[in-house]
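Based on the hints, put chain U in the right spot on chain X.
One-letter residues, chain by chain:
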Amino acid sequence: MKVLVSVKRVVDYNVRIQVKSDGSGVVTDGVKFSMNPFDEIAMEEAVRLREKGKVTEIVAVTIGGAKNEETLRSALAFGADRAIHIKEEGEVQPLTAAKAFAAVLKKEGAQLFLCGKQAIDDDANQTGQMVASLLDIAQATFASKVEVDGSKAQITREIDAGLETLEVDLPAVVSVDLRLNEPRYLKLPDIMKAKKKPIETIGLGDVGVAVEAGTKTVKVAPPPARAKGVMVKTVDELVSALKAKGLV
Amino acid sequence: MTATQNLMGFGLKILNRLGGSPMLDDPKLRKAATAVIRGATSTGFRLIGTVSRQFKSAPRPSKALRPGAAGGDLFDLTPTDEQQMIRDTVAGFAAEQLRPAAQAADTACGTPKELLAAAAELGIGSMQVPEQLGGAAGSERSVVTNALIAESLAHGDLGMAVACLAPVGVAVALAEWGTAQQQATYLPAFTDEKAPVSAIAVLEPRPLFDPFKLSTAAKRTDAGGYVLSGEKSLVPMAASAELFLVAASTPHGPALFIVESSAKGIHITAEPAMGLRAASTARVRFDNVQLSAQALLGAGEGDFSYENFIARSRLAWCALSVGTAQAALDYLIPYCNERVAFGEPISHRQAVAFNISNIAIEAEGMRLLTWRAAALAAAGKPFVQQAALARRLCADKGAVIGADAVQLLGGHGFVKEHPVERWYRDLRAVGIMEGGLLL
Chain X
1 MKVLVSVKRV VDYNVRIQVK SDGSGVVTDG VKFSMNPFDE IAMEEAVRLR
51 EKGKVTEIVA VTIGGAKNEE TLRSALAFGA DRAIHIKEEG EVQPLTAAKA
101 FAAVLKKEGA QLFLCGKQAI DDDANQTGQM VASLLDIAQA TFASKVEVDG
151 SKAQITREID AGLETLEVDL PAVVSVDLRL NEPRYLKLPD IMKAKKKPIE
201 TIGLGDVGVA VEAGTKTVKV APPPARAKGV MVKTVDELVS ALKAKGLV
Chain U
249 MTATQNLMGF GLKILNRLGG SPMLDDPKLR KAATAVIRGA TSTGFRLIGT
299 VSRQFKSAPR PSKALRPGAA GGDLFDLTPT DEQQMIRDTV AGFAAEQLRP
349 AAQAADTACG TPKELLAAAA ELGIGSMQVP EQLGGAAGSE RSVVTNALIA
399 ESLAHGDLGM AVACLAPVGV AVALAEWGTA QQQATYLPAF TDEKAPVSAI
449 AVLEPRPLFD PFKLSTAAKR TDAGGYVLSG EKSLVPMAAS AELFLVAAST
499 PHGPALFIVE SSAKGIHITA EPAMGLRAAS TARVRFDNVQ LSAQALLGAG
549 EGDFSYENFI ARSRLAWCAL SVGTAQAALD YLIPYCNERV AFGEPISHRQ
599 AVAFNISNIA IEAEGMRLLT WRAAALAAAG KPFVQQAALA RRLCADKGAV
649 IGADAVQLLG GHGFVKEHPV ERWYRDLRAV GIMEGGLLL
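Note that the protein sequences, when read in sequence, are chains X and U. So in the working numbering, spot 230 of the first sequence is number 230, and the numbers just go up one at a time. So in the working numbering, spot 37 of the second sequence is number 285, and the numbers just go up one at a time.
Source of the hints: derived by calculation from the structure; they are not laboratory data. Hints should not be assumed to be uniformly reliable.
[Claimed, not checked] Not everything, but these chain U residues come out facing chain X in the computed CB check (under 7 Å):
no.: 1; residue: Glu330
no.: 2; residue: Ile334
no.: 3; residue: Thr337
no.: 4; residue: Phe341
no.: 5; residue: Leu381
no.: 6; residue: Ala384
Even glycine gets a Cβ: it sits at the ideal position worked out from N, Cα and C.
Same shape as in the complex, but just chain X (with noise of 0.2 Å):
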């Protein structure tokens, strides 16, 4: 069985973010950028999978820049087989990465497309979903446990009352959670093995795909600063605070 592992560029979840003083977005010069942490815990799962014997191989996919290309390497490092760079200078946004995914999940007829539930740059959350719709295939979000059983997939999925747990039908989009798995470090040899291993390069044009612009940022701002709290000593202090600031 083929896997397809979609994986994002995102800036590093250690980097203290700052927006540029203009509004425009955040900034990125001299920044670290990194695989985005739920798509890790996507491609680990791809890797446990494998292990199990119920994958055989592994393509990790992603659509963005030249430097996208690091990101593919460290999927390949991870241990995907190989690797496919939709190539697209531009702002790319969910539904046409989702175009572009569905076009080459079709193409290579992998049975399995896993994703991280969601990036944590744009926390958009709906990549995988619109793969599904666009395929009209079945999807499972936010799993917390992945089982392949030939032609079918239990998924556990973490909801409020506690585990729902779902069969889907393959081909399936499994968008994965926190709690799937905790990914391995990479092992210093497979770095260097990554660097053998072939990334081929398309662009949307090559999947029939058009950059759509569905939405427009207005402008990006920091959170606003917290005030200074105030120390308050018993209970009714407290209270007596809070209906003066109008809050109860």
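Same frame as chain X, but now just chain U:
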């Protein structure tokens, strides 16, 4: 005629008269006077130029012409993509696994076995072993990559980094100088996740120790083997080591000997020190240890250079000190920004801010010298002098950075609640250690 030109004319007149004076027939005097005249006239003409130059415009280009980015041949020490990925991976391991366990390892004078195994799983050992022997080493020497690995590990904890890297050093030495037989015998084991615990023993417990004048000696036996006698100090991981690489003097100069710990006559005593405690340092005494003829690393052939060996070993300590100095800096910046005294963060005080700036400057200087020497070593160019510079700077500034970090944290610097007291102790090792590790 302007006033300036008038003045110039008057000056030239005097100078010409002086130039033609018979008084200047003395060659010495004439030389001096000509110099004065030349200086005076050229200044004068320059002055006239400033007044009278007219700038002529060349044909205007369609847009402003700017210099492009220069090729990264000189002074560009940016790691390659692979090196950066290796760095990130090792740094992640160091931050998530080593740092939280460091305090306990320091107290216990030992790194937990599980952590050593986890570090071995990263495959640092495999990176030193040629592909033909089951490893993942490329065809090129990886001194710089190894320096990056050491630096990243030491950012987590220096003592534990030594524990993790001790076997790697032995693998590096075997790959660099071992005979085909020695490589085939020992190197494949280092690709394993259960790589043999091993260490390089150079330092000796005596005053004015000089790694080039060793007391430990290997004498030839009639049977063609060697007898090894002497004592080594601060050998990392010695008690659990399966393999030692021991520096000893021979009639042909200092050399390295491969000694399996099962050999008779090896006595190991724990030697806990001020720093490097997580590396379980110990004293190792060799009492007439019988070695075969195969024990001499490189078998006296090839291009073994003891001088290069010592220099590359020192570079390993430099790389570690860079990592720990950076850790101190990364710890100090948020601390001093958050620690409030007299109603404002202490970083608002120049005594604090300047000190932190100096640490940043010195740590970067240490890093660049280390990388420079490592790059030269990797390229097979002379690097011993660069390594000496790196060692001097790292030993001096590393110790100062450790002490300053303790000072900047005030009372918190002294107590074990914060890691800087440990870094202070560990950074002192850099100027003392010889051997132990190898890049």
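Evaluation of the interface hint that places Ala384(U) against chain X, nearest CB under 7 Å: 3 Å, holds
Cut-off 7 Å, beta-carbon criterion: hint that Thr337(U) touches chain X: 5 Å, holds
Hint check: 7 Å Cβ-Cβ cutoff, Ile334(U) to chain X: At about 5 Å, which falls below the 7 Å cut-off, the nearest Cβ of chain X leaves the hint on Ile334(U) intact, so it holds.
Hint check: 7 Å Cβ-Cβ cutoff, Phe341(U) to chain X: 5 Å, holds
Interface hint compliance - Glu330(U) to chain X, C-beta minimum distance less than 7 Å: For Glu330(U), the interface hint holds, since the closest Cβ of chain X sits about 6 Å away, which is under 7 Å.
Hinted contact Leu381(U) with chain X - closest CB pair below 7 Å: For Leu381(U), the interface hint is violated, since the closest Cβ of chain X sits about 13 Å away, which is over 7 Å.
Hint violations for this structure: number 5 only, all remaining hints satisfied.
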